[in-house]
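Enquirer: Chain by chain, the residues run as shown.
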Amino acid sequence: MAANPLVQGPGVPANLLLSRAHVLDPRADIDALYDVRVRGGEIAELAAPGTLDPATDEEAIDASGRTLLPAFFDPHVHLRTPGQEHKEDLETGTRAAAAGGFGGAIAMPNTEPVLDSAPLLRSLRDAAAREARIPVGFLPAITRGLAGEELTEMAELRQEGALGFTDDGRPVASAGMLRKALQYQRLCGGTIALHEEDSSLSKGGTMHEGAVSAALGLGGIPSVSESTMLARDAALAGYEDARVHFQHLSCVASVQVVAHAKAQGWKVSTEVTPHHLLLTEEDVRGMDTRMKMNPPLATEQDRKALVEGLREGTIDCVATDHAPHARDEKEVPFEQAPMGTTGLETAFAALYTGLVLPGVLELRLLVERMTAGAALFELPTPRIATGEPANLTLIDLDGEWVAGEHGWESRSENCCFAGRRLQGRVLLTVAAGAVVYRERAFSVVAA
Amino acid sequence: MNHLLSIEELDREEIERIVAQAERFAEVSDREIKKVPALRGRMVLNLFYEASTRTRSSFELAAKRLSADVVNFAASGSSVEKGESLKDTVLTLSAHKPDAIVLRTPWAGASELVSKWCGAAIVNAGDGKHEHPTQALLDVYTLKRSRLGGIDGASIWIVGDVAHSRVARSNIIAFQKLGAKVTVAGPPTLIPRGIEALGCEVRFTLDELSKADVVYALRMQHERMSESFLPSLREYASWYQINGRRLGPRQVLMHPGPVNRGVELSGEVVDSPQAVITAQVEAGVVVRMAVLYELLAGAREPQSDPDRPENVKQLA
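In order, the protein sequences belong to chains H and Z. Counting from 1, one number per residue, gives the positions in the first sequence under our numbering. Counting from 1, one number per residue, gives the positions in the second sequence under our numbering.
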């Protein structure tokens, strides 16, 4: 495997002094006020609040009243490069991630052409080394062209830096095909991430099957299209002792299947998106195409099960499934619109507003789940501790904003939370030791 | 009312007002000269993305009887086939300043979208499998003038392919708003899961059909066989066809047309005294006159009025 699985563009190692920050890192068990010194991109010192003075070459940031967290990690984003740069590119997508407090992300391979060969991965990583604001990694395809028929050269792809493999956007329809990929994993390693959907059940569907789809006359996607496929693949993973990651869980039955698989000791992990944690089929009633995603928004019962799964740990982490689409692609009738919502810039604020403030989840648990994705792909988890590389996000937990009111860092604006009043503003993001995002108004205050 | 996008958004009073207006226009249809000048100088644009003979010609007749100008725009053979988006087509056609656009598309919610993009009054003439509000209004009108005399308290069975039917959805809503008890019946593969949330009852056989005051049969489309919703038309007909054996003498039989004789209806019932299928077609014109009149007469400024300052400027 390549030495450095994540790549990012050139950044200047930061020298910062964040004074009187409320530092919260659930893994380091820190939840108190500190002065935090970052030197040369590393966390150099954690000291009692108000005790450190800035050196002449340090930027002094008054972080009093603000919360300093380990930067978030998103194991599921679509950066649309190569081939769909009108939706997003490496620069705009990682800029959106930085603005959302993310210090790392993993891009999916459903691009044009599909990321399914080592030369393509090499050129993409080269491009990321010039353009990416934050470190990004790539999951190439399991099967060539996402066609579900032939394996990609998984071993060579791993040598070239593949973090794992996925046919995201599509299921691996054939159990025999997936089994071969799981067997081949013994040679090359790499987490295999699975989009679970039985197309014979979901065919023709554009939203969750239920009362709302019946009322709107929209084709329904039944929850069992996800849960039955997930059960099949969990059993295959158990049988082959393979390491798999189930993407974007959306319903009660899937949470139950994952709980069962984990109870068997199978090496499975899973993720859930902010939109599945916060929205339901009721939000589709207006046929707003920003509410059209795959898997679709399901029922309130499903939503609650996902929140509970995340809380008690059946669901390992939060992933945005950031899926940008151009305005004219989404400004069409619901059935014609492509699936997907952007999510990087709103993930933390939406979950903080929707789950932490009402007392459903504790902030420290949310932070844990928003950083847990890295370890699932054998990457170091960002930590706030002396000697660690600086991966930090500074947040004003009282800061209110309306999602999208000042536009987006992403090239696309198809965010399901657009127009909602959210609480929790990202002020500053440090990724791999460099300042990658600074909220405009905040930089003035800080100076 | 600015648009007619769905039955869902109408209340009972609005439905009754349109039906009453249609009754006044029915009198016009019986005259030798069937035209009134109510919408003279107004332009109605028929924009149809799906094949339709009856609905389109019914809207065209309705507009002409109100003395409006009518332009027909069919998606086939037009810029749409060259890949133009719905929005671009609507914006382009809006340059002609239609006062109303009658829109049929295969996509749910398309009429509502279009209503946000242009100033014309939008009439939904069918949006995918979502709604077909003028069909429901003409069915209400027809029932009111049928032997039944009204809808309040009536038991209405809607039979057939409910899953793919916008007529079913609009009628379930309309009939219930007017006080009827609605039951949908059909093969389990063609009754959408969750439909009972609209307030109707669901049956998978016609065993209790005799309880119905009104039997509303839906069109069975042949492509449903190839999609495996049904094993065969023969089996469908033997379980769900409305025929002389199933239809009682006091029941009213309706169908949105076009009828597949020998499939959803037997030939004998199509021609039976219980059937009001031709009355439904007649009702189509007067109800659509009432809808256009409701939307365009009165408060709304004509988009194509040559005396409007911006239009004068363009002409100069």
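If you are wondering where the hints come from, they were derived from the structure by calculation, not from laboratory data. Note that beta-carbon positions come from the ideal geometry of N, C-alpha and C, so glycine has one too. Careful: at least some of the hints might be erroneous.
To be verified - Quick look at which bits of chain H chain Z covers, simulated, 3 or more residues with Cβ under 8 Å:
(1) 190 to 196
(2) 331 to 343
What the hints assert, rightly or not - Here are the computed lysine to any residue pairs in the SDA-like style, where the Cα-Cα straight-line distance is at most 25 Å:
(3) K181/Z x L201/H
(4) K87/Z x E85/H
(5) K87/Z x A326/H
(6) K82/Z x E409/H
To be verified - Listing some non-contacts, in silico: residues in chain Z with all C-beta distances to chain H over 12 Å:
(7) E8
(8) E23
(9) N72
(10) D88
(11) A108
(12) G109
(13) E112
(14) H130
(15) S165
(16) R166
(17) A168
(18) R193
(19) F204
(20) R219
(21) V259
(22) I277
Enquirer: Please go over all the hints and tell whether each is borne out by the structure.
Expert: Hints, verified against the model:
1. Against chain Z, the segment 190 to 196 of chain H contributes 0 residues with a C-beta closer than 8 Å to a partner C-beta. That does not satisfy the three-residue criterion, and the hint is violated.
2. With 6 residues bearing a CB less than 8 Å from a CB of chain Z, the segment 331 to 343 of chain H meets the requirement of three and the coverage assertion stands.
3. Between K181/Z and L201/H the CA atoms are separated by roughly 32 Å; this puts the pair beyond 25 Å, and the hint is violated.
4. For the suggested pair K87/Z and E85/H, the alpha carbons sit about 23 Å apart, so the restraint of at most 25 Å is met.
5. Distance restraint check for K87/Z and A326/H: the Cα-Cα separation of roughly 14 Å lies within the 25 Å cut-off, and the hinted pair is therefore satisfied.
6. Only pairs whose Cα atoms come within 25 Å are accepted, and K82/Z paired with E409/H is rejected, the gap being roughly 34 Å.
7. For E8/Z, the condition that its CB be more than 12 Å from all CB atoms of chain H is violated, with the nearest at approximately 8 Å.
8. For E23/Z, the shortest C-beta to C-beta distance to chain H comes to about 30 Å, beyond the 12 Å cut-off, and the non-interface label holds.
9. The Cβ of N72/Z lies farther than 12 Å from every Cβ of chain H, with a closest approach of about 21 Å, so its non-interface assignment holds.
10. Not every Cβ of chain H is farther than 12 Å from the Cβ of D88/Z; the closest lies at roughly 9 Å, contradicting the non-interface assignment.
11. A cut-off of 12 Å between C-beta atoms contradicts the statement that A108/Z is not in contact with chain H; the least separation is 5 Å.
12. A beta-carbon of chain H is positioned within 12 Å of the beta-carbon of G109/Z; the least distance is around 4 Å.
13. Not every CB of chain H is more than 12 Å from the CB of E112/Z (nearest about 7 Å), against its label as outside the interface.
14. The claim that H130/Z is not at the interface with chain H is violated, since a C-beta of that chain comes within 12 Å of its own (minimum 4 Å).
15. At roughly 8 Å, the least C-beta separation between S165/Z and chain H is not larger than 12 Å, which violates its mark as non-interface.
16. Once the 12 Å rule is applied to beta carbons, R166/Z is inconsistent with being away from chain H; the minimum gap is 6 Å.
17. Listed as outside the interface, A168/Z is inconsistent with that label: its C-beta sits roughly 9 Å from the nearest C-beta of chain H, within the 12 Å cut-off.
18. Once the 12 Å rule is applied to beta carbons, R193/Z is inconsistent with being away from chain H; the minimum gap is 6 Å.
19. No beta-carbon of chain H is positioned within 12 Å of the beta-carbon of F204/Z; the least distance is around 16 Å.
20. Every beta carbon of chain H lies more than 12 Å from that of R219/Z, the smallest distance being close to 15 Å; the non-interface claim holds.
21. Here V259/Z stays apart from chain H, with its beta-carbon at least about 22 Å from theirs, past the 12 Å limit.
22. Every beta carbon of chain H lies more than 12 Å from that of I277/Z, the smallest distance being close to 24 Å; the non-interface claim holds.
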